[in-house]
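Q: Sequence:
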Amino acid sequence: SNVIENGTKEDAGVISLKIKNLQALQNSAPGDKNPLENIEEALLKAKEARAKIYVDNNYRIAIFTPSITKSKDNDLIAVSVAYEIANIINDYNKTASQKIEFGIGVHYGRLAVDISDGKAKFVSLDNTISVLKRVADYSNGNVLLSDAMHKNTLGKVKVDKLESGYWELKRIVDKTYYEEFIQKFLTRQ
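In this note's numbering, each residue's number is its place in the sequence shown (first place is 1) plus 2.
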């Protein structure tokens with residue numbers, strides 16, 4: 003209740019990495035490739051983007067809010083980081099004997115954020131975290147976007163709609179290639 007009373011209400015891009023075979027990975031014999039180290043390496047991408055990461059059993063939740071990342075485009079940042087995390091884990095799985103079974107969900111919702119003594123505390127104001135976990139549960143080695151995240155990133159990402167109502171991320175649209183052409187066109191007009 004202190005977080006809700008003292009914190010600020012912010013829109014947040016949130017990623018959930020669900021490690022579906024975490025128990026087996028923790029009990030695996032030490033080998034040349036440690037799957038848990040690969041997961042930590044993948045999560046470094048979120049830390050580099052200034053996200054706060056929380057561990058909840060077999061979920062790794064990365065939270066992107068304006069007060070933490072100092073950016074307003076947290077929805078696209080979250081999708082980009084989720085895409086990188088999936089690529090890192092999938093690259094590992096191509097050569098590893100023990101595969102990481104995972105799902106990644108990305109959602110956009112409201113959180114109460116309280117930053118005090120250098121520590122950030124979060125409380126979901128609606129069903130942000132439960133929706134996020136549901137999306138990650140449904141994912142099977144790919145990045146799925148909730149409907150709210152899809153609406154926020156419309157035109158910035160290429161997705162396919164699944165029967166479940168979630169959106170599978172195919173790629174991120176890179177508009178920097180066209181920016182110079184657009185600027186020249188606008189100056190001529």
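If you're looking for bench data, these hints aren't it; they were derived computationally from the structure. For every residue, glycine included, the Cβ atom is placed at its ideal position computed from N, Cα and C. Check before you lean on any hint, since a few could be wrong.
Claimed, not checked - Distance ranges between label pairs, derived from CB positions: (1) TYR56 x ASN23: 28 to 36 Å; (2) LYS163 x ASN36: 30 to 38 Å; (3) ASN29 x ARG112: 35 to 43 Å; (4) THR189 x LEU38: 25 to 33 Å; (5) ARG173 x LEU46: 28 to 36 Å; (6) THR10 x TYR56: 13 to 21 Å; (7) GLY167 x ARG112: 32 to 40 Å; (8) THR189 x GLU165: 26 to 34 Å; (9) GLU165 x GLU43: 19 to 27 Å; (10) LYS172 x ASP119: 37 to 45 Å.
Unchecked claim - List of simulated lysine to any residue pairs, SDA-like, C-alpha gap at most 20 Å: (11) LYS74 x ILE174; (12) LYS121 x LYS158; (13) LYS158 x LEU78; (14) LYS22 x TYR140.
Q: Are the Cα positions of LYS158 and LEU78 separated by 20 Å at most?
A: Holds, because 8 Å separates the two Cα atoms, which is no more than 20 Å.
Q: Holds or violated: LYS74 with ILE174, Cα cutoff 20 Å?
A: Holds, because 18 Å separates the two Cα atoms, which is no more than 20 Å.
Q: Against the range 25 to 33 Å, how does the distance between the Cβ atoms of THR189 and LEU38 compare: consistent or not?
A: violated, 53 Å
Q: Could you see if the CB distance from GLU165 to GLU43 stays within 19 to 27 Å?
A: With a Cβ separation near 33 Å, GLU165 and GLU43 fall outside 19 to 27 Å, so the hint is violated.
Q: Given a hint of 28 to 36 Å, does the C-beta separation of TYR56 and ASN23 actually sit inside it?
A: violated, 20 Å
Q: That 37 to 45 Å hint for LYS172 and ASP119 (C-beta), does it hold up?
A: holds, 42 Å
Q: Given the hinted pair LYS121 and LYS158, is their alpha-carbon gap at most 20 Å?
A: Violated, at about 32 Å.
Q: Is the distance from the Cβ of GLY167 to the Cβ of ARG112 consistent with 32 to 40 Å?
A: violated, 20 Å
Q: Quickly compare the C-alpha distance for LYS22 and TYR140 to 20 Å and report which way the hint goes.
A: At roughly 11 Å apart (the allowed maximum being 20 Å), TYR140 and LYS22 satisfy the hint.
Q: Do the Cβ positions of THR10 and TYR56 conform to the proposed distance bound of 13 to 21 Å?
A: holds, 18 Å
Q: ARG173 and LEU46, beta-carbon distance inside 28 to 36 Å?
A: violated, 22 Å
Q: Can you let me know if the beta-carbon spacing of THR189 and GLU165 is within 26 to 34 Å?
A: violated, 47 Å
Going down the numbered hints, you'll see the structure goes against 1, 4, 5, 7, 8, 9 and 12, while the others check out.
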